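Protein sequence lines correspond, in order, to chains Z and F.
The first sequence runs 1 to 401 under our numbering.
The second sequence runs 1 to 401 under our numbering.
Take the hints with a grain of salt, since some may be wrong.
Intra- or inter-copy, both count: the list cannot distinguish identical chains.
[What the hints assert, rightly or not] Cut-off 30 Å, straight-line C-alpha distance, at most; resulting in silico cross-link-like pairs (DSS-like, lysine-lysine):
(1) K268 to K317
(2) K262 to K348
(3) K355 to K325
(4) K316 to K268
(5) K355 to K262
Since the hints were made in silico from the structure, they are not lab data.
Please read these numbers as outputs of a predicted model, since none were measured by experiment.
Protein chains: 2
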Amino acid sequence: MHINSESIHAQTKDSEKLNDHKNKIINSVGAVYPFEIKFNSSLKLQSGQSINNYNLMVETYGTLNSNKNNAVLICHALNASHHIAGYYENEPNNIGWWDNMVGPNKPIDTNKFFVIGINNLGSCFGSTGPKSINFNTEKKYGADFPLLTVEDWVNAQVKVIDYLGIDKLCAVMGGSLGGMQALSWSLQYPEKLEHCIIIASTAKLSAQNIAFNEIARQAILTDPNYYDGDYYHYNTNPAQGLKLARMLGHITYLSTQDMAAKFGRDHKFNDYQYSFDAEFEIESYLRYQAQKFAEYFDANTYLLMTKALDYFDPAKKYGNGSLTKALENVLSKFLLISFTTDWRFDTKCSKEIVKALIDNKKQVSYAEIDAPHGHDEFLLTNNHYHNIIRDYADNMYFNIA
Amino acid sequence: MHINSESIHAQTKDSEKLNDHKNKIINSVGAVYPFEIKFNSSLKLQSGQSINNYNLMVETYGTLNSNKNNAVLICHALNASHHIAGYYENEPNNIGWWDNMVGPNKPIDTNKFFVIGINNLGSCFGSTGPKSINFNTEKKYGADFPLLTVEDWVNAQVKVIDYLGIDKLCAVMGGSLGGMQALSWSLQYPEKLEHCIIIASTAKLSAQNIAFNEIARQAILTDPNYYDGDYYHYNTNPAQGLKLARMLGHITYLSTQDMAAKFGRDHKFNDYQYSFDAEFEIESYLRYQAQKFAEYFDANTYLLMTKALDYFDPAKKYGNGSLTKALENVLSKFLLISFTTDWRFDTKCSKEIVKALIDNKKQVSYAEIDAPHGHDEFLLTNNHYHNIIRDYADNMYFNIA
Numbered sequence: 001m002h003i004n005s006e007s008i009h010a011q012t013k014d015s016e017k018l019n020d021h022k023n024k025i026i027n028s029v030g031a032v033y034p035f036e037i038k039f040n041s042s043l044k045l046q047s048g049q050s051i052n053n054y055n056l057m058v059e060t061y062g063t064l065n066s067n068k069n070n071a072v073l074i075c076h077a078l079n080a081s082h083h084i085a086g087y088y089e090n091e092p093n094n095i096g097w098w099d100n101m102v103g104p105n106k107p108i109d110t111n112k113f114f115v116i117g118i119n120n121l122g123s124c125f126g127s128t129g130p131k132s133i134n135f136n137t138e139k140k141y142g143a144d145f146p147l148l149t150v151e152d153w154v155n156a157q158v159k160v161i162d163y164l165g166i167d168k169l170c171a172v173m174g175g176s177l178g179g180m181q182a183l184s185w186s187l188q189y190p191e192k193l194e195h196c197i198i199i200a201s202t203a204k205l206s207a208q209n210i211a212f213n214e215i216a217r218q219a220i221l222t223d224p225n226y227y228d229g230d231y232y233h234y235n236t237n238p239a240q241g242l243k244l245a246r247m248l249g250h251i252t253y254l255s256t257q258d259m260a261a262k263f264g265r266d267h268k269f270n271d272y273q274y275s276f277d278a279e280f281e282i283e284s285y286l287r288y289q290a291q292k293f294a295e296y297f298d299a300n301t302y303l304l305m306t307k308a309l310d311y312f313d314p315a316k317k318y319g320n321g322s323l324t325k326a327l328e329n330v331l332s333k334f335l336l337i338s339f340t341t342d343w344r345f346d347t348k349c350s351k352e353i354v355k356a357l358i359d360n361k362k363q364v365s366y367a368e369i370d371a372p373h374g375h376d377e378f379l380l381t382n383n384h385y386h387n388i389i390r391d392y393a394d395n396m397y398f399n400i401a
Numbered sequence: 001m002h003i004n005s006e007s008i009h010a011q012t013k014d015s016e017k018l019n020d021h022k023n024k025i026i027n028s029v030g031a032v033y034p035f036e037i038k039f040n041s042s043l044k045l046q047s048g049q050s051i052n053n054y055n056l057m058v059e060t061y062g063t064l065n066s067n068k069n070n071a072v073l074i075c076h077a078l079n080a081s082h083h084i085a086g087y088y089e090n091e092p093n094n095i096g097w098w099d100n101m102v103g104p105n106k107p108i109d110t111n112k113f114f115v116i117g118i119n120n121l122g123s124c125f126g127s128t129g130p131k132s133i134n135f136n137t138e139k140k141y142g143a144d145f146p147l148l149t150v151e152d153w154v155n156a157q158v159k160v161i162d163y164l165g166i167d168k169l170c171a172v173m174g175g176s177l178g179g180m181q182a183l184s185w186s187l188q189y190p191e192k193l194e195h196c197i198i199i200a201s202t203a204k205l206s207a208q209n210i211a212f213n214e215i216a217r218q219a220i221l222t223d224p225n226y227y228d229g230d231y232y233h234y235n236t237n238p239a240q241g242l243k244l245a246r247m248l249g250h251i252t253y254l255s256t257q258d259m260a261a262k263f264g265r266d267h268k269f270n271d272y273q274y275s276f277d278a279e280f281e282i283e284s285y286l287r288y289q290a291q292k293f294a295e296y297f298d299a300n301t302y303l304l305m306t307k308a309l310d311y312f313d314p315a316k317k318y319g320n321g322s323l324t325k326a327l328e329n330v331l332s333k334f335l336l337i338s339f340t341t342d343w344r345f346d347t348k349c350s351k352e353i354v355k356a357l358i359d360n361k362k363q364v365s366y367a368e369i370d371a372p373h374g375h376d377e378f379l380l381t382n383n384h385y386h387n388i389i390r391d392y393a394d395n396m397y398f399n400i401a
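Could you build all of it, start to finish, from the sequences and the hints given here?
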């Protein structure tokens, strides 16, 4: 199981790293054990297609109380997984992607909450996806794997919640694409969640967001090793395309200021080299990140994740273009958080959701956090941000305890 | 000769188009004739390499006065050329890339000024570049064409000015990469220009700018049709890489707001298609622009242009890291213009140059224009912007007439 946590680590200063490391030892949920849930049913998708006999990889931390009302579902973004917190016994360095958020005495305190992580359908960390064997053809799905939507993921996640015997989640929570899933939960299953926590997210991609995704997809789709999505059969991998996609993604995850502060125009050499080798530090960084990513991530998953992002548009789906109308019937309470230097999903995107909720007189808390690290901030250890989550979560717990 | 003017046209609303068309007929310099200047000498480059026996394509408009002090050199950016204004007799739709700026009674009035356009060394519109025959080997340069810097271009341009018998230019002017050349003129040949007009430019790329360039380069360099730069010999073209590079460039040329206003989330179809075909308008637009670009532009030129952008850093070259120190000895007067929604080279970049000039008590005018079209605004017809250039140019003329 390969899990991405490098975006956290690459951006953490040395002192922060030390603190993080200390925290990991003191407040970790410890060794964790993923498990697979097999569904022998058919899941009807928004596209009209269906997935039969699918598996979902799951991890849970903490204990489900006897009222079964302390469960928090955490939804992951593009390249993460069900491995949110803790480590694996045989892979002690494989730390969950939101380990600074979830654990004993952490903002989402596993002494209080039963936390659930699910690897999304179509992902590449054990849940059924393009590189899985298609039950019908007994070959890897490849190009036959259907495109998915945020709504499809939520419909799959609700099966896991049912399987665990939970009627109503205390909260659904996520950042970025994970926040879209949380928002969609409040629309698809309004009676099934008490709280909805949406961080650094948006109710729809902008034209510029779609443009970035389209370039990433074109990089993969035109890689000669892509073979129309069936590269598994050729024992190849459209790694070049995937690397370009990842480099591009990285630019949008980091704030302009942060990139300037971290890399500026620093060179690897005293003088210009007049070649296409990496000579600026930012070039080396991007190449390194891209290389690592291409070694563990699946290109078909990347493609379908970006399409799900593009398609997400609850105002269109539920409100005839109006987000206010779309959110009329939500029942949960909301917490939204955005970061000032996030230019991927800027604070206006969160404010749009907040406004639509207020228009409907829904209960909503919102914090705009002044923070330097752009979109990636949602993964980082930021006390202001974490304290808000902690206080909100403590309050959630107070009402069920 | 293929000249890029699509970025102007794609962004002009219908009414503006009509006005532009009217202007073209009324105020055009008319049919123009490029000419080639052959230099049988060697040009020493910043890299230590040399170019021997190079040609530069040139166009001029208006008349050089008897004092030879009314010449304005206009430097071009990444994908443009010497064809600044007018049209070709046999290609009436091939309008110069800055035709709205240069012509009779236009901001740079060809009734007053003698305007010079030079296709940069290394470009692909007739001047010696990677697809030219190497005098030494009698084969196309390809990968052997040396990497260039902004300083090298200026050193080549000064040969043209000498050839035309001009001791001192009334002005050097340019937008974006063209503005870098103007700034570099003021440093390399301070006594050879009276005015320096720098629009939507910067004294150095940021880490984010370099990151975008690096991804564009990686797209080309890893295209299997690139053949280490020698694709001419294989009769191929790394068109996929070039298309990705162009799509990426486009995102940075348009403002976020402008992209939202022009494309938003508009679909080509009523329902989602659940395929990788273009379904959002922004996808079609980018694919179309990329396709057109790849048909006329040379990938090796794209590579070297982005490297010249990355390398430009007068503070490092002349000021030990201080732009103020670097600009100590400039002699020209300056006009700088930036646009509020330009996020490629944002207004801070221009202000940094203005501040360094003021620190040195140099004569500098500066306008920050509130305009919606991002970096591309410098190519568009914007009255506020054009009137500032017009007034400044009229004043330049007043002092020489």
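Comparing the hints with the structure gives:
Taking identical chains as interchangeable, the C-alpha atoms of K268 and K317 lie at most 30 Å apart only when they sit on different chains, with a minimum of 17 Å there against 50 Å within one chain. In this assembly of identical chains, K262 and K348 lie within 30 Å of each other by CA distance both inside one copy and across copies; the values are 26 Å within and 19 Å between. In this assembly of identical chains, the alpha carbons of K355 and K325 lie at most 30 Å apart only when taken from the same copy (12 Å versus 50 Å across copies). With identical chains, the CA atoms of K316 and K268 are at most 30 Å apart between copies only, with a shortest distance of 15 Å across copies and 49 Å within one.
In this homomeric assembly, K355 and K262 come within 30 Å of each other (Cα to Cα) only across copies, at 24 Å, whereas the closest approach inside a single copy is 35 Å.
In this structure, every one of the numbered hints holds.
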